[in-house]
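Trainee: Given the coordinates of chain B, assemble chains C, F and S onto it according to the supplied hints.
Number of protein chains: 4
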Amino acid sequence: MLGPQMWASARQGLSRGLSRNARGWASGEGKKVDIAGIYPPVTTPFAANAEVDYGKLEENLHKLGTLPFRGLVVQGSTGEFPFLTSSERLEVVSRVHQVMPKDKLLLAGSGCESTQATVEMTVSMAQVGADAVMVVTPFYYRGRMNSSALIHHYTKVADLSPIPVVLYSVPANTGLDLPVDAVVTLSQHPNIVGMKDSGGDVTRIALIVHKTRKQDFQVLAGSVGFLLASYALGAVGGVCALANVLGAQVCQLERLCLTGQWEAAQKLQLRLIEPNTAVTRRFGIPGLKKAMDWFGYYGGPCRAPLQGLSSADEEALRVDFSSNGWL
Amino acid sequence: MLGPQMWASARQGLSRGLSRNARGWASGEGKKVDIAGIYPPVTTPFAANAEVDYGKLEENLHKLGTLPFRGLVVQGSTGEFPFLTSSERLEVVSRVHQVMPKDKLLLAGSGCESTQATVEMTVSMAQVGADAVMVVTPFYYRGRMNSSALIHHYTKVADLSPIPVVLYSVPANTGLDLPVDAVVTLSQHPNIVGMKDSGGDVTRIALIVHKTRKQDFQVLAGSVGFLLASYALGAVGGVCALANVLGAQVCQLERLCLTGQWEAAQKLQLRLIEPNTAVTRRFGIPGLKKAMDWFGYYGGPCRAPLQGLSSADEEALRVDFSSNGWL
Amino acid sequence: MLGPQMWASARQGLSRGLSRNARGWASGEGKKVDIAGIYPPVTTPFAANAEVDYGKLEENLHKLGTLPFRGLVVQGSTGEFPFLTSSERLEVVSRVHQVMPKDKLLLAGSGCESTQATVEMTVSMAQVGADAVMVVTPFYYRGRMNSSALIHHYTKVADLSPIPVVLYSVPANTGLDLPVDAVVTLSQHPNIVGMKDSGGDVTRIALIVHKTRKQDFQVLAGSVGFLLASYALGAVGGVCALANVLGAQVCQLERLCLTGQWEAAQKLQLRLIEPNTAVTRRFGIPGLKKAMDWFGYYGGPCRAPLQGLSSADEEALRVDFSSNGWL
Amino acid sequence: MLGPQMWASARQGLSRGLSRNARGWASGEGKKVDIAGIYPPVTTPFAANAEVDYGKLEENLHKLGTLPFRGLVVQGSTGEFPFLTSSERLEVVSRVHQVMPKDKLLLAGSGCESTQATVEMTVSMAQVGADAVMVVTPFYYRGRMNSSALIHHYTKVADLSPIPVVLYSVPANTGLDLPVDAVVTLSQHPNIVGMKDSGGDVTRIALIVHKTRKQDFQVLAGSVGFLLASYALGAVGGVCALANVLGAQVCQLERLCLTGQWEAAQKLQLRLIEPNTAVTRRFGIPGLKKAMDWFGYYGGPCRAPLQGLSSADEEALRVDFSSNGWL
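Chains as they are written, first to last, in our numbering: chain B, 10 to 336; chain C, 10 to 336; chain F, 10 to 336; chain S, 10 to 336.
Quick caveat, the hints were computed from the structure, so don't treat them as lab data. Here a beta-carbon is modelled for each residue, glycine too, at the ideal position from N, C-alpha and C. One thing to keep in mind: the hints can contain errors.
Residues on chain S that point at chain F, a partial pick, calculated with CB under 10 Å [said to hold, decoys possible]:
#, residue
1, M301
2, W303
3, A325
Taking lysine-lysine pairs in the PhoX-like style, the calculated list, with each CA pair at most 20 Å apart, reads [as the list claims (entries may be wrong)]:
#, chain 1, residue 1, chain 2, residue 2
4, F, K41, F, K223
5, B, K111, B, K41
6, S, K276, B, K220
7, C, K220, C, K111
8, B, K111, B, K72
9, C, K276, C, K41
10, F, K220, C, K276
11, F, K223, C, K276
12, S, K111, S, K72
13, B, K165, B, K41
14, S, K41, S, K111
15, B, K41, B, K223
16, B, K223, S, K276
17, S, K220, B, K276
18, C, K111, C, K41
19, C, K223, F, K276
20, S, K220, S, K72
21, S, K41, S, K223
22, F, K276, C, K220
23, C, K111, C, K72
24, S, K165, B, K276
25, F, K111, F, K41
26, F, K72, F, K111
27, F, K165, F, K41
Next comes chain B alone, as it looks inside the complex (with noise of 0.2 Å):
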């Protein structure tokens, strides 16, 4: 079982509150939460027969407790979240809120297609424990979610929403960018904090850092592999895929950043970015499962149709982490 104290102790030397934020964000002046700081976003285990094993989850959940993240990222991309149903979906957020001591943040996805939908998951988030939600852009219509649409969803949204909201974009997954000008508007609502970007376009991220420095608003990287370059242009933190298997790495490239090594920063960013391509955009989740079978997790198999690796992407795999001296 993780304690509390295991994560305290693996928060040496931060002074969060502090030194994170270049931007001058100080919580209390309406917004509830600071985000600031490195999140992993947990994999969802699953047993031989594909059911989520607990067991598991909470093994990985102790592991992760070592290390200095501000939090955890529960139901985003990595999670498999679209191939959970949604009790499943609470009873994973449930147990994670249960073994997290409750200095760290649990940031649950509860995006849905629907703004219903997702008001009521919402909900239900902050009742199984969540601290925040993080909602990913409603997709499937894309074609009709222009920033007038997105508006009125995530405006729903915070308005029900017991908890802050954090904006999601993802791209890679979505076709869709949530739009820099309902980024901007959306800023200013009291219980939207933030953002994940996840599309790697950093001029966009830099962009949506000054057009929102106005307001109390952060904006998470959504991956390790523009992690350097979003600290450098005001971003404060990262929800990093790769933070499952690398996680000190990942909490020391941001503390590198957070006190100006910026050369010891470039030098680990730059063994960080094909491991951290290897288990996202070129091999995806079961990428990823297989490396944190390596390193020391629980990995396993994803849920249908996801596909293990080939042995040949296997081996692919374990090159784009041994070249770069991980393993």
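Mentor: Leaving out everything else, chains C, F and S in the frame of chain B:
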């Protein structure tokens, strides 16, 4: 209430089993159903409070029943299925089944992201009266949805489905084309009877027709925009959003194609393109529902986050109909 | 040497002025040329030293002359025009003009990036014997090539051209679709007689046919892959790379379409798709030239940076022909 | 007239050979030039009659000469090179060479579609005074421009070029990204010294830096929009259209990055994004030239088909500058 005799009378003049299928498909050779013909993908009517309005649904079905459709598609993209709960999806299909005559086909969308959920929804759809299921490609993890993954997915669904399966590729929504080689492999499955292709690339449709010619496999165009071309290349019908508004005209186009009146077919086809684009790509379901209101059906509002049309958009929609002589 | 009588004899059986154009186009009403028919976009033969081999060009033309083409396209994308100097472009057209009979049309590609250069090349093409020019959209600054810019460009070219102008949209090469509204505007210009559309979106082709129906404006399909569909929707011919290899078959497909033998047309169309894709999208001009070598023409090498096929690609190319009964 | 001493005085305070290159690149180890620094890609001024206005060119160069640039890029995409004849391309470079001091680098764009033409243009560029050439990827046949073809192309050019070669990838214009594996292979060529990457994907830029770290290979950002991020990841400079307008500010951003003043750099970077987007992606060269008119340079018209800005666009352009405090 819609009586079977109304549907039957609507079918006058078309002896489908004989002339329809130029590719020589014959039922009873292992595959269970002839899907050739025109289908409106019915919309889901909502009341002002966003609840499904089953009364309006029945009214619409009553009017659609006067037309010589082969059947109805329920819970396609046009049906806003991603905005419905699982029980709503099933209830809508159940209601349609109750009021539809038995000689019409009820194709129900049962696609979900996970294979397991798709199987379960498929079985349930059969229980509430669907004659076949139309299964959209899973797509959230489209980077990993290669032919191998999709073949596994559809094979599993088809193996376990008590009713025939129709593949459904709709890249405008999913960002994913079901690869031709996967279609060819899947066409050999005894419980996979055909495909709806909404991509609009008729060269691809022709290639699929060509490479599945030795199978009992039928291709439906996913839009009236390329219906004539699809017939000319060996498709056997279409699932056409515009048929919710100009159903008689879409059926007339079918008849002209099936009876070889290509010049008249061309003239009609050309006049249907702009209104069709208007109620699909250009203005989406809100455009379709608005047009339904004009043409004696109940359109009504969409569920959020889909927004109603602006007055400027509504005017442009009207021009797309009036400039082609339909209003 | 290719004699006029050979070309004339090749045209047996097709009374083009009468039956060809279902849209009622008639020459002499202000526009200068009827472009209806099939054209091979001729390749530019290179010797081993990469110089243009004019002898081989004449040999190819001699063989093409036995087929009932409406004419030849010279300096289309298939002609590797971007790899030729201006004087080579003109010399090739001049040579083709000298050996072609005068009842055939010589459509010469004269597009350049700037309007001024396009005008100059157009005038020069007329001087060396082109009957009409085919002008590709400028595209390097595609972000600024909106309808207004393209209308200005083509209007200027058409105003100053001594010969008729054919618009040419080829998004696979240019990343740019000539917008439908620009086409409609340009169709009213007395010196713009038609368009070659290589995009493959037959709904778009149909829309262009429909919206220019009151003009003397003719649409050519840019590939045999969608030739039948284009005819069925009102196009009047095609510029077909595959006609450099299977010219008789492409002309046969034309005749079947023009004479309303749609079932036979469909069968032939389906067998042409894979070889066509092989010599265009899949293996490009190197594939086309390799196939020409097989079918009695001179293909030879491409200019660098285009590379020859690997032996694996060559084998795949062969299968695309043999599996459809052409080898 | 621009005197060498003006350029020299403009370079005060930056000892480039020492601190600039964090990656340890040192000249003299086989490669011939250190390209680290900032470059404006100079525009080509046209008179009202569309002729090149060499007088205005010299005036612009005079003003640019007061700024601490590493050199000038001539005939980049911003220079409207596709609209110039070969002799104009060379004459412009020759004129720039004549008025530029010898301690500045003149990088001349010499890319053409064919390898042979690129070689010839490269040799000619060297003859008229270019210090290095910047070679855009050939792209018209992008479907065949795989790594193998591009490696052949660039190797041939670099083998035959009397001056160093800089690779140039600009997908917004070409629709083609020079693949990372091709860059890595080409980085080993003794006459290929670096790359300009205009794609804006800094994860890709970082990966290129990382995988070429054992070569003398320098990466330049192709836009100021991601200049800070590129420096932070190991790039050594930038070719920045905005430097034609806000050259002092771009050089200041360089200095802040090179001296580790990342907070001040971030503030400046953020204010440069909107004006940069305005003069590149949003309004293109017409926007850049309009802004040059405002800032004391000669912008003037573009060659057709590029059109001037509408008054509404001009106003939006102005806001992008004024809202960031630059007007």
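Trainee: Each hint: holds or not?
Mentor: A quick look at each hint next to the structure:
1. Taking 10 Å as the C-beta cut-off, the interface hint given for M301 of chain S is violated, the closest approach to chain F being about 17 Å.
2. With 10 Å as the threshold, the beta carbon of W303 of chain S stays out of range of chain F, its nearest partner Cβ sitting at about 19 Å, so the hint is violated.
3. With its C-beta approaching chain F no nearer than about 15 Å, A325 of chain S sits outside the 10 Å limit, and its interface hint is violated.
4. Between the alpha carbons of K41 of chain F and K223 of chain F the distance comes to roughly 16 Å, so the proposed pair stays at or under 20 Å and holds.
5. Restraint check for K111 of chain B and K41 of chain B: satisfied, since their Cα atoms lie roughly 15 Å apart, inside the 20 Å limit.
6. A threshold of 20 Å between alpha carbons decides the hint, and for K276 of chain S with K220 of chain B the separation of about 12 Å falls inside it, so the pair holds.
7. Of the supplied pair hints, the one linking K220 of chain C and K111 of chain C is violated, its CA atoms being roughly 33 Å apart against a limit of 20 Å.
8. Between K111 of chain B and K72 of chain B the CA atoms are separated by roughly 17 Å; this keeps the pair inside 20 Å, and the hint holds.
9. Proposed proximity of K276 of chain C and K41 of chain C is contradicted: the alpha carbons are some 35 Å apart, above 20 Å.
10. Under the criterion of a C-alpha separation no larger than 20 Å, the hint pairing K220 of chain F with K276 of chain C is consistent with the structure, at around 12 Å.
11. Pair hint K223 of chain F plus K276 of chain C holds up; C-alpha atoms about 14 Å apart against a cutoff of 20 Å.
12. The hinted pair formed by K111 of chain S and K72 of chain S meets the criterion: a straight-line CA distance of about 17 Å does not exceed 20 Å.
13. A threshold of 20 Å between alpha carbons decides the hint, and for K165 of chain B with K41 of chain B the separation of about 18 Å falls inside it, so the pair holds.
14. Of the supplied pair hints, the one linking K41 of chain S and K111 of chain S holds, its CA atoms being roughly 15 Å apart against a limit of 20 Å.
15. Straight-line distance between C-alpha atoms of K41 of chain B and K223 of chain B comes to about 16 Å, which keeps the hinted pair within the 20 Å bound.
16. A threshold of 20 Å between alpha carbons decides the hint, and for K223 of chain B with K276 of chain S the separation of about 14 Å falls inside it, so the pair holds.
17. Our distance criterion of 20 Å between C-alpha atoms is met by K220 of chain S and K276 of chain B, whose separation comes to about 12 Å.
18. With a C-alpha separation of about 15 Å, the suggested pair K111 of chain C and K41 of chain C falls inside the 20 Å cut-off, and the hint holds.
19. Between K223 of chain C and K276 of chain F the alpha-carbon distance is near 14 Å, which keeps this suggested pair within the 20 Å criterion.
20. Taking the CA atoms of K220 of chain S and K72 of chain S, the gap is about 38 Å. The hint is violated against a cut of 20 Å.
21. Proximity of K41 of chain S to K223 of chain S is assessed by CA-CA distance (about 16 Å); at most 20 Å being required, the pair is judged to hold.
22. Taking the CA atoms of K276 of chain F and K220 of chain C, the gap is about 12 Å. The hint holds against a cut of 20 Å.
23. A distance of roughly 17 Å separates the Cα atoms of K111 of chain C and K72 of chain C; the hinted pair therefore holds under the 20 Å criterion.
24. Restraint check for K165 of chain S and K276 of chain B: not satisfied, since their Cα atoms lie roughly 33 Å apart, outside the 20 Å limit.
25. A threshold of 20 Å between alpha carbons decides the hint, and for K111 of chain F with K41 of chain F the separation of about 15 Å falls inside it, so the pair holds.
26. Restraint check for K72 of chain F and K111 of chain F: satisfied, since their Cα atoms lie roughly 17 Å apart, inside the 20 Å limit.
27. A distance of roughly 18 Å separates the Cα atoms of K165 of chain F and K41 of chain F; the hinted pair therefore holds under the 20 Å criterion.
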